[in-house]
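Asks: Each chain, written out:
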Amino acid sequence: MEALTSHLSELGHGLVTTVELTVVTTVGAMLLGIVVATLRIAPVPLLRAIGTAYVEVFQNLPLLALLVLFVFALPTIGITFPLFTSAAIVIAVYEGAYLAEAIRAGINTVGVGQAEAARAIGLTFGQSLRHVILPQGLRAVIQPIGNICIALLMNTSLAAAVGVVELTQAANTVNLVEAQPIAVFTGAGLAYMLLALIIGQVTGLLERRLAIVR
Amino acid sequence: MNKTQQILFDEPGPRAQRRIRIATVLGAVLLAGALVAAVYQFASHGELAAARWEPFTTWPIWRYLLNGLWATLRAAAATAVLSAALGLLLALGRLSTHRPLRWLAGAYVEIFRTVPTLLLIYVTLFALPQYGLNFPLFWKLVVPLVVSNSAAFAEIFRSGILALDRGQTEAGLAVGLRRGQVMALVVLPQALLQLAPSLVSQLVGLLKDTSLGFVVSYTELLYSGQVLSSYTHLLIQTFLVVALIYLVVNASLSKFARVLQARNGRFGGRRGRRSAELPPPLLEGNTPR
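Listed in order, the protein sequences are those of chains A and B.
So the first sequence is numbered by this note's numbering: it starts at 358 and just counts up by one.
So the second sequence is numbered by this note's numbering: it starts at 0 and just counts up by one.
Don't read these hints as lab results, they were simulated from the structure.
Just so it is clear, the structure is predicted and the values come from calculations on it, not from any experiment.
Glycine included, every Cβ here is placed at the ideal spot set by N, Cα and C.
Some clues are possibly wrong.
What the hints assert, rightly or not - Looking from chain A toward chain B, a few residues come up when the C-beta cut is under 8 Å (computed):
1. P400
2. E413
3. R476
4. I478
5. F482
6. I507
7. T530
8. N532
9. V534
10. I539
11. F542
12. A545
Claimed, not checked - Estimated spans, in silico, between C-beta atoms of each pair:
13. I478(A) - G179(B): 22 to 32 Å
14. G435(A) - L30(B): 14 to 24 Å
15. N133(B) - P402(A): 52 to 62 Å
16. L192(B) - R566(A): 35 to 45 Å
17. Y130(B) - G468(A): 57 to 67 Å
18. L161(B) - R405(A): 31 to 41 Å
Just chain B, with the same shape it has in the complex (with noise of 0.2 Å):
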């Protein structure tokens, strides 16, 4: 429990606790009467039938809905590395000292932060293929999800960047390091590492896009949840194990960012001072799904 959790509420005396046992036993009462609702609707529905549910225990169905999840993986790999690189390079570009490549760098991520990702597909989809470029399927899907996440990870680049103490830039020159050298030797190492976790929150942002292959019809894990079903007619079963999935693991990658953002602070004397200054990595305005 953290600071303002404390400080809203009093040790509860017997009063407070009274009205906390009543409040827990009515929210407890909801949540049940919630699920009993949930589990009618499955009764009523002949969801909940045995037959329906014993295919997610044989292999074959996990099998496939694991090599969606493989295909999610490789999209969201290529996607990672492309954007990082990329975004990279923007952040570079929108802090240089030449005008033009400034404002290029700007221009770009400006453009592509507040146009739709579903747009970018409609685009790599029905567009491009008239002027020539067909990408194959994966390159569909992994295209527009580069041009518009390569935005997202230019803007934590550039505020990791403008976050580091600027006496670290003054020092770096003034031993007689070129503006290149300064970023390359003193800069990025020290903004990188403070900012692992936004990069990992990032990375739950990009993995959650990779489902628009939903769209391209690239098997993926949430097509492929929609090819079985159509299939098996286990609709509701089918999506709800492939959320489960997709929960299992954002929910790991999220937590392995909120370890590495505590590890940053207690880091302590060296690093720690700067982390206040970061913007917190679960706060994603600029990761939509």
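Excised from the complex, chain A in its bound form (with noise of 0.2 Å):
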């Protein structure tokens, strides 16, 4: 116990981070994850495949190849970010691709009649999409995309690997201080189920208030 907190602040900081981590690839994540569904069903072929090929890669890349690639070898051709933002990119266009996927099936949840009736009154395809499928296609899949955001959260874990001082990394670094193993690392493991827990009431909350019974 005492390992934990006579290191609160090294502990608190790795906390902090993991959120902010989780935050802002949660919202990049989202964001790309419409863009890219909006291209998987787009009329223009060549949008249709851009889409299908960028979930094809990010699905079946491991993460940790990624980061490694986008930390350590894309520098050799000049391109370099600050590490927490290397980590929140990456993060962010892998969670994307998984993001999609859910919010395709939600787009395919949505009744033939809205697209149609949306069509019928003039709407055009990013008209019917903002305003007709997207609202609707979302909301039949809050509880998929909180599950997402969970894994998302365990995810930013493996910024560890490439030297970001999150959560994981800052236990591991107080464990090899104190040499208490036990504390420390179920310290960190309660502190991530109490985040995912945390993700999981606010997917609950949002279902129950938006989710549409049909």
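Take each chain as given, in its own frame, and dock them per the hints.
Replies: Following this line, the structure appears as structure tokens:
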């Protein structure tokens, strides 16, 4: 216990970094997910192909391989970002592929009549998507999106492997100093569980408020 | 093209066709622009020189990388077998009529679904050796992966068992089978067939997880790439090739999952009806990597 309390500032910093990374990447991945899901249902074949290729590539590559490629290899061709930014970009791009698939599944639940009605009153593809399809489609997949956000939270720990000092890395550092692995790692594990619990609660709340009961 | 894609836009008329052509050209130009920018970045830092790619046409380099791939596949196979077995036991535990058993299995799944695998790896790397549990390198990677993946497998098995028509269990009990027999003879065979696509997609997630060998310094594919690039100093080339290998292996597995999924649907009358109630296999909230 003392190992935890005497290093509260390091662990606290780690926790804050994890939360920041999670929030930033969730927002980024959500935007990317909506864009890619839209590409995948667009009337233009080339755009559909781009959307499909994006999902295929980023669902099939390990996140850690992408992080290593981006953080260690891209600087050799002159592309460098601050470490936190790199990690955030990679995780957002990676989780964007999963969110795109979830959102597409949501779009598929919207009734045919809705899209036809939207077109019948003269809305364009973009308008019917924005005003009719997406608001209903997103509400249908709140739970899956919440699950992906929890997966994203756990994936932010991989940023530790390329040197971002977030919660996992902070716990590891404190353990190397204190040699109290049980207390330190249990504490970090509990913090992750708490964060996942919060995401789960928020998801449940949104689901109760927004989901359309058919 | 599926149903929704068709209903989102009508058969394009002359004006829509013109717009589609314009969008195609714009998209192609953007794509080409990105490609040119990438090539320019590579060229201006001398990374396009033939000498920096030539090693990847030689057998020793490929032998090293394929050895890495072999280690990845071995770790993935061990993890898959162990975590599927453990996951099945956990799912049965969560569905059992014994309250303590249900509670224990439930607690295990809920805990290890929300603790990052990397944290578990750090535990096996830095905590367990202090208590005399010093696994060989291979198991330092596989044990934490099994611990976290078995929770994911448990949820897949549970959803599959619950999705099966209750009448199957009731009929089994009605003809005088015991609960265990009903599970083994009636429920599981049907549920497993239904779950095949989800299980294969979980394999993709698991194979991606083995890249954590990078942290353990177990020479699977990603860490082999790291070792190789520290000798050859061909950083970006090596990691691009490694990524390509991952992509080929995992895309084939994903493709296999989709084929299984499509076949399950085609059994139609006999089993197809229930497949609608199962979670779609590629919507993996529970398979992070």
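Asks: All hints are to be evaluated individually against the structure, with a verdict given for each.
Replies: To see whether the hints hold, each was checked on the structure:
1. The criterion of a C-beta within 8 Å of any C-beta in chain B is met by P400(A), whose closest approach is roughly 4 Å, and the hint holds.
2. A distance limit of 8 Å between C-beta atoms decides the matter here; for E413(A) the minimum to chain B is near 6 Å, and the interface restraint holds.
3. The restraint placing R476(A) at the interface with chain B holds, with a minimum CB-CB distance near 7 Å, inside the 8 Å limit.
4. Of the supplied interface hints, the one on I478(A) is violated, with its beta-carbon coming no nearer than about 14 Å to a beta-carbon of chain B, more than 8 Å.
5. Checking F482(A) against chain B by beta carbon gives a least distance of about 6 Å; that is within 8 Å, so the hint holds.
6. The beta carbon of I507(A) is positioned within 8 Å of a beta carbon in chain B (closest approach about 7 Å), and the interface hint is therefore held.
7. A hinted interface residue such as T530(A) counts as satisfied when its beta carbon comes closer than 8 Å to some beta carbon of chain B; here the least separation is about 10 Å, so the hint is violated.
8. A cut of 8 Å between beta carbons decides the hint on N532(A): the least distance to chain B is about 6 Å, and the hint holds.
9. The restraint placing V534(A) at the interface with chain B is violated, with a minimum CB-CB distance near 12 Å, outside the 8 Å limit.
10. With its C-beta approaching chain B no nearer than about 7 Å, I539(A) sits inside the 8 Å limit, and its interface hint holds.
11. With a least beta-carbon distance of about 5 Å to chain B, the hint placing F542(A) at the interface is held under the 8 Å criterion.
12. Nearest Cβ of chain B to the Cβ of A545(A): about 6 Å, under the 8 Å cut. The hint holds.
13. Checking the proposed 22 to 32 Å range against I478(A) and G179(B) shows it is violated: the Cβ atoms sit about 59 Å from each other.
14. Judged by the Cβ atoms, the range 14 to 24 Å given for G435(A) and L30(B) holds: they are separated by roughly 21 Å.
15. As the Cβ distance of N133(B) to P402(A) is approximately 56 Å, the hint placing it in 52 to 62 Å holds.
16. Taking 35 to 45 Å as the suggested C-beta distance range, the pair L192(B) and R566(A) conforms, at roughly 38 Å.
17. As the Cβ distance of Y130(B) to G468(A) is approximately 58 Å, the hint placing it in 57 to 67 Å holds.
18. As the Cβ distance of L161(B) to R405(A) is approximately 35 Å, the hint placing it in 31 to 41 Å holds.
When held up to the earlier numbered hints, the structure conflicts with 4, 7, 9, 13 and fits the remainder.
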